[in-house]
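A.B. asks: Here's the letter readout for the chains.
Protein chains: 2
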Amino acid sequence: MKILLIGASGTIGKRIYDRFAQKHEIVQASRTGSDVAVDITDAVSIQKMYEAVEKIDAVICATGPAKFGPFGELTEDDFYIGIRGKMMGQVDLVRIGQRYLNDDGSFTLTTGILADDPIVGSTAVSLVNGAVNSFAMAAAIELLRNQRINVVCPTIVADSAEAYADFFPGFDPAPMDRVVNGYVRSVETKITGRILRIY
Amino acid sequence: MKILLIGASGTIGKRIYDRFAQKHEIVQASRTGSDVAVDITDAVSIQKMYEAVEKIDAVICATGPAKFGPFGELTEDDFYIGIRGKMMGQVDLVRIGQRYLNDDGSFTLTTGILADDPIVGSTAVSLVNGAVNSFAMAAAIELLRNQRINVVCPTIVADSAEAYADFFPGFDPAPMDRVVNGYVRSVETKITGRILRIY
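These protein sequences, in sequence, are chains B and P.
The first sequence begins at 1 in our numbering and counts up one residue at a time.
The second sequence begins at 1001 in our numbering and counts up one residue at a time.
Hints may contain errors.
As the list claims (entries may be wrong) - Straight-line alpha carbon distances no greater than 30 Å define the calculated DSBU-like cross-link-like pairs of lysine-lysine that follow:
(1) P:K1048 with B:K67
(2) P:K1190 with P:K1055
(3) P:K1023 with P:K1067
(4) B:K67 with P:K1067
To be verified - If you anchor each label on the Cβ, the simulated ranges turn out as follows:
(5) P:F1068 with B:G69: 48 to 58 Å
(6) P:T1075 with B:T32: 21 to 31 Å
(7) B:A37 with P:F1068: 46 to 56 Å
(8) P:E1188 with B:E188: 44 to 54 Å
No wet-lab data here; the hints were simulated from the structure.
C-beta: ideal position from N, C-alpha, C; glycine also.
Taking the hints into account, I'd like the entire structure generated from these sequences.
C.D. replies: Okay, structure coming up:
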């Protein structure tokens, strides 16, 4: 398959790349333009990316900004970092991408456990994760040409568990192989509309 | 209790008003200004509302715009109707209101079954409902002064079931008393961080 991977340089993205590159052709997209440049907060940039890469069988997004901070201090602009980033960035990858993705193609988005299990400081991130989970279930019943969509929703992941340990006390880190398996299940099986919780 | 009710003229809001008015003082807020005017899509308007009404024990929001439409046709602006309305409108009622609400006060927001069970045309509405559900769970663990927050998340409701029947085939309408009981449980018990699904 020809797979468009957005966020290949991130903690999870690097592992996704390593696994999928073993048997698929990967086109890497990022702000700085690995194979192709994209700013997912900008619908025009997303459209240009899809015009530049042709005949894609799967889109995987493993990136998207959102802001942590005490709820008593977060401004409306702080919320909009995640809304324009991890939330509408991923929505627009599907909204615009459905016209470009091949028949039988799949979208795989990324959210996280904070949709279900918040921590202190996560209001703006929980909001975005819950939004994308529900959006994906809804989009799944409307996509045409046998296209599919799923979300990988991991808990704290092993490769960054140490860095975030203080914010996620008592959260069991998921081994990277288990996390990447979520993306593999989404892309290589025929499921759709699923939130693949890696908890 | 002194209760601020936003959206008292809506299908659910009218029923909330009738029940709560039996034993509480209700201040009605709406765009056209019943007791006090508010445009929940505008943070400045929300702040002015809270400054105008004093010593509130509970805030109930039973309103918020969001747009239905085929996923293949929805624009980014269509999504932002719900994002600025039902989503950030309700977030801002809490974000700003936490400074004004009395100690031990409660926020009760409204979402709906489309967060969990989408229908054709609901991507932008499902997104918003899922967002507010996760946001409320997160805000619950950060609110100070013993303030609480819950969400009433009903299925299609009896009073508007006929009008929406074609869009919700096979959905059992919830009796209005059961729906209003969600708001009563949120306001009059001590629960917090709960999504009260009235399915």
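A.B. asks: May I ask which of the numbered hints given earlier this structure violates, with the numbers listed in increasing order?
C.D. replies: 3, 5 and 7
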